[in-house]
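> Sequence:
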Amino acid sequence: MKVEAYLMMDGRADEAIEFYKKAVGATVKMLLRFKDAPEGTCKPGSENKVMHGHMMIGETGVMISDGYCNGAPKFEGFTLTITAKTDAEMEKLFAALAEGGKVNVPLAKTFFSSRFGMLADKFGVHWTILTGQ
Numbered sequence: 092m093k094v095e096a097y098l099m100m101d102g103r104a105d106e107a108i109e110f111y112k113k114a115v116g117a118t119v120k121m122l123l124r125f126k127d128a129p130e131g132t133c134k135p136g137s138e139n140k141v142m143h144g145h146m147m148i149g150e151t152g153v154m155i156s157d158g159y160c161n162g163a164p165k166f167e168g169f170t171l172t173i174t175a176k177t178d179a180e181m182e183k184l185f186a187a188l189a190e191g192g193k194v195n196v197p198l199a200k201t202f203f204s205s206r207f208g209m210l211a212d213k214f215g216v217h218w219t220i221l222t223g224q
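If you read the sequence shown in the working numbering, its first letter stands for residue 92, the second for the next number, and so on.
Hints may be right or wrong, so weigh each one.
Straight-line alpha carbon distances no greater than 30 Å define the calculated DSBU-like cross-link-like pairs of lysine-lysine that follow [stated by the list, open to error]:
{"id": "1", "residue 1": "Lys183", "residue 2": "Lys165"}
{"id": "2", "residue 1": "Lys126", "residue 2": "Lys113"}
{"id": "3", "residue 1": "Lys165", "residue 2": "Lys134"}
{"id": "4", "residue 1": "Lys112", "residue 2": "Lys165"}
{"id": "5", "residue 1": "Lys176", "residue 2": "Lys193"}
{"id": "6", "residue 1": "Lys112", "residue 2": "Lys126"}
{"id": "7", "residue 1": "Lys112", "residue 2": "Lys176"}
Here are the simulated distance ranges between beta carbons [what the hints assert, rightly or not]:
{"id": "8", "residue 1": "Val196", "residue 2": "Thr151", "range": "38 to 44 Å"}
{"id": "9", "residue 1": "Gly162", "residue 2": "Ser205", "range": "16 to 22 Å"}
{"id": "10", "residue 1": "Ala187", "residue 2": "Ala128", "range": "31 to 37 Å"}
Keep in mind that the hints were calculated from the coordinates and are not lab data.
Using N, Cα and C, we set each Cβ at its ideal position, and we do this for glycine too.
Whole structure, please, built from the sequences with the hints as guidance.
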């Protein structure tokens with residue numbers, strides 16, 4: 092069994108996909124738009140929005156959708172975690188994801204990692220990033 096996160100971007104999925112491609116090297120494996128679905132399954136004006144997408148971030152699959160297309164995604168109660176191999180890689184990923192977002196826990200050395208930090212990206216998705224031991 093595997094569990095994957097499904098990000099509901101509420102109308103901002105294309106923007107988020109481009110951001111994650113640049114910030115963490117995400118690669119899109121599948122992208123279906125609402126216009127690809129049987130007729131009558133999407134509200135007018137959302138034909139070009141993302142109905143379902145699947146990205147790979149490193150070795151992890153992350154699904155993404157525009158959902159109801161209201162333009163106000165809100166994420167609470169979870170965090171996506173990246174374990175980087177080096178401090179340099181971790182710092183690069185942290186800086187890229189923090190662009191336009193909010194750092195909640197600044198980068199620091201901890202008892203369990205040489206570098207650790209937490210942030211919410213510009214879409215409100217929470218990330219924990221650390222260097223693996």
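> Would you mind marking each hint as holding or not holding in the structure?
To see whether the hints hold, each was checked on the structure:
Among the hinted pairs, Lys183 with Lys165 is consistent with the structure: their alpha-carbon atoms are about 25 Å apart, no more than 30 Å. For the hint pairing Lys126 with Lys113, the CA-to-CA distance comes to about 26 Å; that is within 30 Å, so the pair holds. Proximity of Lys165 to Lys134 is assessed by CA-CA distance (about 21 Å); at most 30 Å being required, the pair is judged to hold. The suggested pairing of Lys112 with Lys165 holds, with an alpha-carbon distance near 21 Å, which does not exceed 30 Å.
Only pairs whose Cα atoms come within 30 Å are accepted, and Lys176 paired with Lys193 is accepted, the gap being roughly 24 Å. Distance hint between Lys112 and Lys126 is fulfilled; the C-alpha atoms sit about 24 Å from each other, no more than 30 Å. Taking the CA atoms of Lys112 and Lys176, the gap is about 19 Å. The hint holds against a cut of 30 Å. Between Val196 and Thr151 the C-beta distance comes to about 21 Å, which lies outside the given range of 38 to 44 Å.
Between Gly162 and Ser205 the CB atoms are about 39 Å apart, so this pair departs from the stated range of 16 to 22 Å. Taken as a hint, the range 31 to 37 Å holds for the pair Ala187 and Ala128, whose Cβ atoms sit roughly 33 Å apart.
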